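J.: Residue numbers (UniProt numbering), protein chains in the order written: chain H, 1 to 362; chain X, 1 to 123.
It cannot be assumed that every hint is accurate.
Stated by the list, open to error - Derived pair list, reagent style DSSO-like, types lysine-lysine, alpha-carbon separation capped at 30 angstroms:
1) Lys244(H) with Lys59(X)
2) Lys65(H) with Lys80(H)
3) Lys80(H) with Lys349(H)
4) Lys273(H) with Lys59(X)
5) Lys273(H) with Lys244(H)
Stated by the list, open to error - Label pairs and their computed distance ranges (CB to CB):
6) Glu161(H) with Arg71(X): 52 to 60 angstroms
7) Glu129(H) with Asp78(X): 39 to 47 angstroms
8) Arg71(X) with Asp41(H): 24 to 32 angstroms
9) Glu94(X) with Glu219(H): 33 to 41 angstroms
10) Pro185(H) with Glu64(X): 13 to 21 angstroms
11) Ala192(H) with Ala15(X): 33 to 41 angstroms
12) Ala13(X) with Ala192(H): 54 to 62 angstroms
13) Ala15(X) with Ala303(H): 36 to 44 angstroms
14) Ala303(H) with Asp78(X): 17 to 25 angstroms
Said to hold, decoys possible - Facing chain H, from chain X, some residues (calculated, C-beta under 7 angstroms):
15) Val62
16) Pro68
17) Tyr76
18) Gly100
These are computed hints drawn from the structure, not numbers from a lab. Remember, it's a predicted structure, so these values are computed and weren't measured experimentally. Ideal Cβ placement from N, Cα and C applies to all residues, glycine included.
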Amino acid sequence: MIDPAEHLVVDCDWHYADTFDQIAPYMPEPWKTKFQNSGWDSTGVNQGLSAFFPTSTGNRSNYGKIDREFSDYPQGGDEKADVIEGMEFLDIDATLQISHLILAMGGVTADDRRVESFIKGYIDYMLAEVLDPAEGIYGLAPLPYHDIDASMDVLDRIEDERAFKGVVMVTAGASPPLGNRKYDPIYERCEALGLPVVYHTGGSGLDDYVRAGYEEMIETHTLGFLESNMSQIVSVACQGVPEKFPDLDIVFMESGVTYLPGLISRLDEEYLKRAEEAPLLDAPPGDYISDFYFGTQPLEESARPDLLEICFDMLGTEHLLYASDYPHWDYDSPNIITDLPMLDDEQRKDILGRNASEVFGL
Amino acid sequence: MSDGEIEVGAADAFADGDVEIIEVGRVEVGVIKADGEFYALRNQCPHDGGPACEGPVEKRLVGEWGGPGERVEQRYGDDSIVSCPWHGWSFYLETGEHIGDDSYVVPSYDVVVRDGVVYVQTD
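Next up, chain H with everything else stripped away, as it sits in the complex:
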């Protein structure tokens, strides 16, 4: 057994608990002025992504049960010092910061520039006030992928910024799904820049997951986060993104690992009956999916050990990346990895930090 404090720990999914008040001064005009005059203040979206009349069923803090010592989550308002304190608490050496608020971008379906303006402001805010490679605080840049030109602007902005180590595509709400040719220019550019694409599930639309009417977050969070990632994995693999862009590193974040053997098995079974419908593939889609990288959180540590062992075997421990998801309500500490009995110490070190260090060039 290893002690995380004595080994490299890279957290691939730390959520910076931002507020619109923090980001607005960095937004491009006219949204900088429009937002500041709007009266929305810090609640441009409900910070907890829940409310008495909710935008998403349930309450992130489980109705007051959950508290975070090193973050103002779920309301937001964190600062760099909060991140550093939290990293010390969790024995994390490096983090990849992902905006908390951007996870709701899938709820914006209008063809306007709110998402783009928020992202551009967020990037400048993070560069000015939070990201610090010397402290191990790196960032992943969200992309307003519904607008390819705006996404290219974002890539132009970060390409020479060594604090940004990849991009984020929020899987919730992405339509058409992210294997569509529409997104090819993004993938082409990320491949050329050596920026991994991190697909991150999100909370938008959870109440209407396939059908409306669910009543509790245990239902919508279990189903919705899974569906958002599964739908994009299937699209990205079947439409041949890994064949089109063979040097692009693909990472899927925040749905645990146990769904993957089932998804791969089902998809491969379909492929044997309908291979011509994935004409760019030279092998079953599962062969491509197992070349993707996967964030471990929320790891199903209560699952049968032999099931987890099968998951690790199918995906390869060299493709798993420790992710805390801190300060979100269901975060994983590094001990989740070190306590797993079916891994040896070298595999634990790979998952905790060495794999991510290589993928993201830290």
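For chain H, the structure is supplied; the task is to place chain X on it using the hints.
T.: Coordinates of chain X only, in the frame set by chain H:
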């Protein structure tokens, strides 16, 4: 007919796409004509045991990608395939390999046409 051969019938009785099922020992073999060439594959799908040679004989659909942002254009390629009518598992006539996963292979047999007669070689 020589040893190790089974006579199938007159070559000119086959049109492209025709299949003749014969017995080779205890198994069925499908003799298929496609593009003027003869092929012979075991008539048993490795998936569920279906009659793999009794489905449609076609060219394989392939996709060509013109570059970023372009649609993947589909067209019928050069390779002939036969599809099991039970579930659609499809195999190259040339090799017997599954078109999507070459770890699945239907056994194939050499076919010769001599003096206008089709023979399947069983050695």
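J.: Which of the listed hints are broken here?
T.: 6, 7, 8, 9, 11, 13, 14, 17
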